[in-house]
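> Here's the letter readout for the chains.
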Amino acid sequence: MMAGRTYGGKLAIGVGITVLFTMLTIVTSVVGLVFVVNAKDAAITSATEDLTGAGNLSRTMETRIADYRTYLFNKSAESARLTEDHHQAFRRMLDDLRRSIDDPEVLAKLDQIADLDDGHAAATAEVMAARRTTDDTSAIDRINDTTVVPAREQLQQAITDLIELVRGDVAADREAASTRATQAIALVIGLGVLTTISAVLVALRLSRDLKREVGTAVGHIQSSSAQLEAAAAQQVNGGRDQASAMSEITTTISELLITSRQIADTAQRVSKIAEDTEAAARNGDATIGETRASIETIRSQVDQIVQHMLALGEKSQQIGQVVDLVSELAEQTNILAINATIEASGAGEWGRRFAVVAEEIRKLADRTAGSAKEIRTLIEDVRGAVNTTVMATEIGAKAVDAGARKFDDATNSFREIVQLVATTNDATREIELSTKQQTTAVEQVNVAASDTARVSRETEASAVQTKQTAAHLSNLSSDLLEMVGTGRH
Amino acid sequence: MGGLPGGVLTPAPAAGVPALVFRAGPLYCALPLGEVIETMRPLHTRPLAGTPSYVRGLTILRGAPAPVIDMTRLLTGVEAPVDRYVAVRAGRGPVACATGPVLGVRDVEVAPPEGPAALFTGVSKALIAAVGTVGTEPLLLLHSIAAVPDEVWEAAGGPPPEVAS
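Chains as they are written, first to last, in the numbering used here: chain C, 1 to 489; chain D, 1001 to 1165.
In isolation and in its complexed conformation, chain D is listed as follows (with noise of 0.2 Å):
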């Protein structure tokens, strides 16, 4: 719950991306809809040992264990409140993205990242793929949710098959 009424997003242009929208703490944030599998309430997780603090730890998504990533944590290092597990797909299986309210699908209109997403670096550099509005707040499209770090996916128990995109 938790989602904004209809008017707060206006609907894209058919250029845009197709993406999912949800807020991140103070964040709006958005996922290329081919990278997302599904959204969901957020599920009983298990937490790792060893692990960066934005891996919340692992959890069950139908039937197989993947690892769950803190989104507010990864991207602005507050803690803020989960609302929805959103399920991606990963380099090396699917992972759940713990989120703030899930807003909605929507074409957003993003910018190169030459633009201002030249000053991400490291982590951030590799994990927005472009940087866009909504009304007055700046919109961060992800992608290449690759920063899971490899002994989460060791203790989530090997690498899994590669999904088909």
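Bound-form chain C, shown alone (with noise of 0.2 Å):
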């Protein structure tokens, strides 16, 4: 039931299981004590008004009887008066009694009783005419003697038996009054003693949970004691090297003030020659500008020479066809002039005269074809020299053209640098602003770190307070599992 529960909240079921058993105790007490009070007043009650009453009732016969024998003795009327009252305060006394008696045996007893008084009141009214007539107080004893001497020896012996059986139940009450109280005592005691037992449990409960809670507490607080003893002393150590490292730290960061002044100087002469340097690319890109058209301007000329040159191949090609056409004429001219010849050596003299014309006609035949030749040769020279100036011319343009891209090149990559040149003078720009802004940074950090060191100091000074108040703590920490019994720690 107690498990999982703070020791406050098992304190408090412990005295409420304590508080419980008391009330119930004192309930049990008073419910006991309101018995035994209404036994003993029953016990009381019937001693004092049931055994009176019983008594009164044997004295007011006892007076009854009086007035009757002084009635027997002087006659008075006076006599015969309180001897007649007395009667009736009996039967009043016994009706009384009767209400207030719930014994059946006494009832019974009442009854006959009031049976014997009605026989008993017969006989001494019987006596009491026989003594108003006469004086003979022999014949009235005789006469007594018969009739109410053994009415009256009844109704005492009655009476006697009456008072006996109310004094037995009498002490009976009392008897059931003791043994209820003795009850009630009994039941007490034994609440008395379950509440102890509770309480002194839940003492010892409380106490081995106080123990062991409190030990376990103070033993982590001894625990977490010694290792913030130990970081503390860490710390000491630690603020010690911190404030020595804020020391070196502070030296460089002068250091380094120094140099990003030095570097911000720096960077504002980058800067200024970072603009001379675009200034001078952007001259140079009007430069270049020139050159290219320059350079357009003799890629053109080299298309026209190479058009140039193909046309002057392409006419000493219909040359060679006109030379190969003068050749194959003075060919066939050359074999016709010697069928001419050999037809004609055997027509006698007119065909030796016609072979020398053909051998003539051959000869010129033989010069055509070889000037055509000579042309042929020519031409094939002048091709040659046309397709190598071509080739040249072509090589060139492909030169040009290599050039003219290597230029574009050249170009592209101009104004890469210029504009790289414009991007180096914006960052050297921001350079210098960055750097100035760093050398503010710096200082602000120089100060940083000298409160920072002052700092380390202090934190070093805590630490040491700390590792004072840990140890102090754990000495603590002792006493308190002294002071619980718990010394395991």
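For the record, the hints were derived by calculation from the structure and aren't laboratory data.
Just so you know, even glycine gets a beta-carbon here, dropped at the ideal spot from N, CA and C.
Treat the hints with care, as some may be off.
To be verified - Pair by pair, the computed Cβ-Cβ distance ranges are:
no., chain 1, residue 1, chain 2, residue 2, range
1, C, Ile-395, D, Ser-1053, 28 to 38 Å
2, D, Pro-1081, C, Asp-324, 46 to 56 Å
3, D, Pro-1081, C, Arg-367, 21 to 31 Å
4, C, Gly-384, D, Pro-1081, 22 to 32 Å
5, D, Ser-1053, C, Arg-352, 51 to 61 Å
6, D, Pro-1081, C, Ser-371, 16 to 26 Å
7, C, Glu-296, D, Pro-1081, 50 to 60 Å
8, C, Ala-399, D, Ser-1053, 55 to 65 Å
9, C, Ala-399, D, Ala-1049, 31 to 41 Å
10, C, Lys-315, D, Ala-1049, 43 to 53 Å
11, D, Pro-1081, C, Thr-297, 46 to 56 Å
12, D, Ser-1053, C, Asp-324, 31 to 41 Å
13, C, Asp-401, D, Pro-1081, 38 to 48 Å
14, D, Ala-1049, C, Gly-384, 53 to 63 Å
As the list claims (entries may be wrong) - A partial selection of chain D residues facing chain C, derived with a Cβ cut-off under 10 Å:
no., residue
15, Gly-1034
16, Val-1036
17, Arg-1046
18, Val-1082
19, Val-1105
Both chains are given apart, each in its own frame, so use the hints to dock them into the complex.
What follows is the structure, encoded as structure tokens:
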């Protein structure tokens, strides 16, 4: 039931249980006391009212008998009246007693007494009537002895029995009251013992839990105190190291501050140089444009040269075709001249003359063929020169193209350089600005480092104080463990 | 084409033999004009199987088949470019002689066969009539182109009728 509860909760539960048992004991005691009081009241009532009533009944009977005897002696009306009054008082007392008693046996005895009283009253009335008429005491005595005395003795005996019965009831009531009182005492004692045991158990449990929990907590506090002490020791050392390091940092930052200022000056100079470079680059851009126009002109001229050379090559080829035709005609003429010579050789003198002409024609054809061959050679030379020129020109054109591309690349590179120079200029300005900001920041860092060094020293002092406090806390924990009776930590 | 300049061959004396001078590889050769029909450019020639190596094949001369004799291979045994065909009269019909450049018609001075020509034997002896010079080069005067085997004539369609000289 107490598992998982706090010690305050356990204490509240224990006290609640003890209070509950105490309240139960008190209520039980009160109830028992009430019962005992009622029983004793009943016994006292029985003793005072019933027993007294029975005794009074006997005394009234005696008084009545005395009045009766007085009447018999002096025959006075007063005695007769007293006898009757007491008789009536006897009857009233008998009725009162009947109302206050509930024991059947006693009630039966009361009925018997009432009957006997009626007999006795009749007997006494007879004797008193006889006495009123006579003074013969002897006769009166005889009548009395024969009628009244037996009735009176029976009545007295019945009253005596009644008294004994009532006394027995009183004794029984007293015994019952005593028994109830004894039971109540035993119950109260039992509850008291139970309450005491419960209180002891609760106290033992609370004490044990107090030892355990407080011991555990104090042990943790002691362990934590030790750790805190060790940490404080480390913090002390760390604080010293930190203070030393912060001192070095402060020195370094001072040097860094000087360096930053130098960098800022250098960046400013670099920015100036970058601006000059950018201006020079813009001038170079105009020169590049002019050079590019010149390259375009050269390219156009080279193209024209190539076109002219190709046209010259075509013309040379056409001349070659004509020369081939001339060569063909010369060859054919040569063959025809030879054949004419052959035919003319068998035709006598006229044939020989024709052969001479044919030989001359053949010679002309040979010269024509030779000239055509020379022309062909010259044309081939021209075509070769043209081809060489075209190739050289094309190579030149390609070189111009390559040069133009390279120039374009160079132009692009130059423009990139210009752009990069501009970017560099911007970056240099940013560097200059950043360096100035950095210098300011370094100054602030220097101040902050000085503050940090001071805080480090304060931290070291606080760590020393913490260490002492932790040690003191550890001692207090030991003392508390001794106090709660758990000295195992 | 390829004829030599006119000054190379000096006109022969009248006592010389009129002949058609041409080149066959490294040699100067000449054919008597009486045997020559005409000169022409090389014609389309069809090769023949089973013929000597100097027979290039058959061609059509003026509508009739004629064998083609490679003169360079016949005289020297080596290959040389062919510039002209020279049609000659042979014993069984016209024969086309594949030659080098034709140099022209000249009267050539030749020595009798008993001179250096006595060294020739076999086909050369039957083919070379005499030996002369052209400048410093030897000149072979050929005759009786009879070196065409009978199988060639048979492949050409049988012996043509004799041509009157």
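> For every hint, state whether the structure bears it out.
For each hint, the structure was consulted:
1. Evaluation of the 28 to 38 Å hint for C:Ile-395 and D:Ser-1053 yields a failure: the beta carbon distance comes to about 51 Å.
2. Remark: the range hint 46 to 56 Å for D:Pro-1081 to C:Asp-324 is contradicted by a beta-carbon distance near 19 Å.
3. About 23 Å separates the C-beta atoms of D:Pro-1081 and C:Arg-367, a value consistent with the hinted range of 21 to 31 Å.
4. Distance hint check: the CB atoms of C:Gly-384 and D:Pro-1081 are about 24 Å apart, consistent with the given range 22 to 32 Å.
5. D:Ser-1053 and C:Arg-352 have their C-beta atoms about 40 Å apart, which leaves the hinted 51 to 61 Å range violated.
6. Here the CB-CB span from D:Pro-1081 to C:Ser-371 is close to 23 Å, well matched to the stated 16 to 26 Å.
7. Checked against the given bound of 50 to 60 Å, the beta carbons of C:Glu-296 and D:Pro-1081, roughly 54 Å apart, stay inside it.
8. In this structure, C:Ala-399 and D:Ser-1053 meet the distance hint of 55 to 65 Å, their C-beta atoms being roughly 56 Å apart.
9. Separation of C:Ala-399 from D:Ala-1049 is about 60 Å and departs from the stated range, judged on CB atoms against 31 to 41 Å.
10. A beta carbon spacing of about 50 Å between C:Lys-315 and D:Ala-1049 agrees with the range 43 to 53 Å that was offered as a hint.
11. For the pair D:Pro-1081 and C:Thr-297, the beta carbons lie near 53 Å from each other, so the given range of 46 to 56 Å is met.
12. Separated by about 34 Å at the C-beta atoms, D:Ser-1053 and C:Asp-324 satisfy the suggested range of 31 to 41 Å.
13. Range check, C:Asp-401 to D:Pro-1081: Cβ separation about 46 Å, and the 38 to 48 Å hint holds.
14. At roughly 45 Å, the beta-carbon separation of D:Ala-1049 and C:Gly-384 lies outside the given 53 to 63 Å, and the hint is violated.
15. The closest approach between the C-beta of D:Gly-1034 and any C-beta of chain C is roughly 8 Å, which is under the 10 Å cut-off, so the hint is satisfied.
16. Given hint, D:Val-1036 at the interface with chain C, holds; its Cβ is 5 Å from that chain's nearest Cβ, closer than 10 Å.
17. Restraint check, D:Arg-1046 versus chain C: the minimum CB separation of about 23 Å is more than 10 Å; hint violated.
18. With a least beta-carbon distance of about 14 Å to chain C, the hint placing D:Val-1082 at the interface is violated under the 10 Å criterion.
19. Checking D:Val-1105 against chain C: minimum C-beta separation of about 4 Å stays under 10 Å; hint holds.
Checked against the numbered hints given earlier, the structure breaks hints 1, 2, 5, 9, 14, 17 and 18 and satisfies all the rest.
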